[in-house]
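Protein chains: 2
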Amino acid sequence: MNKLRETLREAIVEAGVKDGMTISFHHHLRNGDYVLNMVLEEIAALGIHDLTVNASSIFDVHEPIIEHLKNKVVTGLEVNYMGGKVGRAITEGIMEKPVIFRSHGGRAGDMENGSSKVDVAFIAAPCADDMGNLSGKYGPSACGSMGYAFSDAMYADKVVAVTDHLEAYPLADVSIPEGYVDMVVCVDKIGEASRIVSGTTRITKDPVGLRIAYLAAQVVKHSGYLKDGFSFQTGAGGASLAVAKYVEEMMEKEHIQGSFCMGGITGYLVSMMKKGLFKTILDVQCFDMEAIESIRDNANHQEISATRYASPQAKSCAVDSLDVVILGATQVDLDFNVNVHTDSQGYIMGGSGGHCDTAAGSKLSIVVAPLIRARLPLIVDEVLCKSTPGETVDVIVTQRGIAVNPKRTELKELLVKAGLPVKEIKELKEIAEAITGVPQQVKPEGRVVAKVLYRDGVEIDTIKSVK
Amino acid sequence: MNKLRETLREAIVEAGVKDGMTISFHHHLRNGDYVLNMVLEEIAALGIHDLTVNASSIFDVHEPIIEHLKNKVVTGLEVNYMGGKVGRAITEGIMEKPVIFRSHGGRAGDMENGSSKVDVAFIAAPCADDMGNLSGKYGPSACGSMGYAFSDAMYADKVVAVTDHLEAYPLADVSIPEGYVDMVVCVDKIGEASRIVSGTTRITKDPVGLRIAYLAAQVVKHSGYLKDGFSFQTGAGGASLAVAKYVEEMMEKEHIQGSFCMGGITGYLVSMMKKGLFKTILDVQCFDMEAIESIRDNANHQEISATRYASPQAKSCAVDSLDVVILGATQVDLDFNVNVHTDSQGYIMGGSGGHCDTAAGSKLSIVVAPLIRARLPLIVDEVLCKSTPGETVDVIVTQRGIAVNPKRTELKELLVKAGLPVKEIKELKEIAEAITGVPQQVKPEGRVVAKVLYRDGVEIDTIKSVK
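First to last, the sequence lines map onto chains A and B. In terms of the working numbering, the first sequence opens at residue 1 and continues consecutively. In terms of the working numbering, the second sequence opens at residue 1 and continues consecutively.
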């Protein structure tokens, strides 16, 4: 048995990629990924059309897909997140079929229960052996965790691993085992290492961001969850990391020993684990080099699959045991619904990722965002896209005050008692509008360009084209 | 969500164990296992009948199952291996329904393709957290690898973990993740640590055994497979370990750097890895304390599932990349078919385990056995049970000579050229019979008490009752 194929084209042909099929990709190489573009280019050259691309995320580096959408090489798109460049083209109506948005947990879950069927998965593998044992931890394009690729490997009919670093059989540290992999193709480069780690991973210096982070940390402190065994997820943005910094200071001061931290992992969380503030890191995606080094070298830094992270089809997942998550928002409405899919003009520039998964699973979900952005208030009557339902969102923290979901009366009492600036969400809206004026309500009324599925696979909202 | 249950009985009831169902067990606690007996005792007390027990192996410690067979609590039995005590009862016809024998790879494969359906899996877990993340590496009943339990966890409808060592969530080093586990029960003891490690794991001192081992090592040497990248599996018996010792000496002398060793892992193989003779160990089952320590502490000592080890349903498995395997036999026939299920009287006292899997996958399968045992010749006209088909067996090594499968003409030439005592298999039979006399052919003619399925799930032989 020989799984090595000379060229990507050979593997595509042998995998039987045909008009109308669904192919999948994972996004751990982020904005440095070459594989999605490479595969689509070959497929286009082979004259194949009408494919659905299920990619855990689409970044700006994937802009060439716009051409394939125009040429009907790709006519279906399913993602958990979409960057602004492709997002704008979609929002302007480049596709006939609506994009399907899922969450990170929902994507894995829908593959598990068979509602999202993949014909051929292409797995960018920073390290592989010739029988298809794969790892993201080694090689020139190392990305660390390959958490989102596990479900693709397990449930696709055919699996093609694309690597630029072949090691002798057997790989000594395996993430995805050979039993799931049909073919291995070795190419020059699967990604641009310097762009694999992308986005802000430094603590904000902006005073508004720091104020929000400080208040969010105060919410954590007075919520009652900050005690031994504490578990925590925060994003990689500058404000999220600032929350981590304040939480760290409190944990150190009060000698709190947390259990785990989670999410897109940065060096900041790694350093908290190293200090003993958390026993372990559950890592579904690495956001910087320190995280990649740590998952390779530190046994307490565990790679987890999207299923283990957040699948609602699993018998349980890590988000079910999460105490506190810090989340972002482009818009929040009076019912605490959160939009992370579009900007305030209705253009797609994001997606749920793990947003609705962690909001649903955690004991305390805190949305942090500036009250006003680009002269527009954060809080609106109705979000343009309901990414995360308000019933799973506990607290909104802005620099001008904190709104607590009316469902959480005890939590509200605790925060008021602690002297935090708790306000009604309507008040926060009015404060913003007193500064910006009441903005003209934008409401795209074009045809449906995207459907947003909640983590259980049920449609929760649609996104309409902007004319 | 709370997965902890106070008692085993509560978990059995909640899992919905009912008359006619199939329940499963894994055997990493070997002859020290308490869990199978404990569960069956509760089930019997609950008045449940007509169960099928699918246990990866049954040891003598599981003798109480005989009572449950008599009482029709258990009416079906599916195993990869069965010790002599229960084996005798089966051979004497205690069950109406034939026992189903599979191989280690075949059991996993049949679960994967749905032909072997388990309703409730009971997983003995030396270490667990309250959400069902499981490991075999820690705790007072540590068994190391839990390789055979993965398929039970993944494919059973309900999964109950039984542990005697609960750790705080989340377990930092997880073998079976929580997403597969419904309930966790903490009991006093899941096993007798001193008997978990059982069987001979020391090199034989018997001169006949040493002679056989020496010859087998010479076969390895002159086969052409002993070179850089060499991969090797040997059992835990004294003669198998003696082969390892001779192979070790040759590798050291010739500075050969092997790739992996595999199988039931002992301290001997661990020490070979530590010396750099093998890059990594692929471990589906630990046979002694050194192996358990090593899989816990050494990153190059990898736990693998039965699927990754040997499943013919996987897109590939480790046995497909194995160079040389050393195997045992109770009988070999003139067509090189091997019996490891019964003794020469026809009594069940074993099973395939990974025998036919590794024979089929490896480039060179060597059966080592004394030419005469208990005054009976090893080589017979027809084996009482065809455990491993002769077309996958390359060489038979006895103290009096070596027989090479006629299919392997090149190999035979190499061994003859090296001056090894190569003989026709018929000659070996005659040499033995010259000493023992031609034994009376035993051939049980009772009803079928067991069916032997080959690794692909197809029946390869049956075992009949001894009157």
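Mixed in with the good hints, there may be bad ones.
Note that identical chains are pooled: a pair holds if it fits in a single copy or bridges any two copies.
[What the hints assert, rightly or not] When the alpha-carbon atoms are kept at most 30 Å apart in a straight line, the in silico DSBU-like pairs for lysine-lysine are as follows: (1) K117 x K315; (2) K221 x K70; (3) K189 x K221; (4) K221 x K279; (5) K205 x K189; (6) K85 x K426; (7) K315 x K189; (8) K279 x K451.
In case anyone wonders, no lab produced these hints; they're calculated from the structure. Computed from a predicted structure; not experimentally measured.
Outcome of the hint check:
| no. | hint | result |
| --- | --- | --- |
| 1 | K117 x K315 | both (21 Å within a copy, 19 Å between copies) |
| 2 | K221 x K70 | neither (51 Å within a copy, 62 Å between copies) |
| 3 | K189 x K221 | neither (46 Å within a copy, 40 Å between copies) |
| 4 | K221 x K279 | within (19 Å within a copy, 48 Å between copies) |
| 5 | K205 x K189 | neither (36 Å within a copy, 55 Å between copies) |
| 6 | K85 x K426 | neither (33 Å within a copy, 76 Å between copies) |
| 7 | K315 x K189 | between (38 Å within a copy, 26 Å between copies) |
| 8 | K279 x K451 | neither (39 Å within a copy, 49 Å between copies) |
The structure does not agree with the numbered hints 2, 3, 5, 6, 8 stated previously, though it agrees with the rest.
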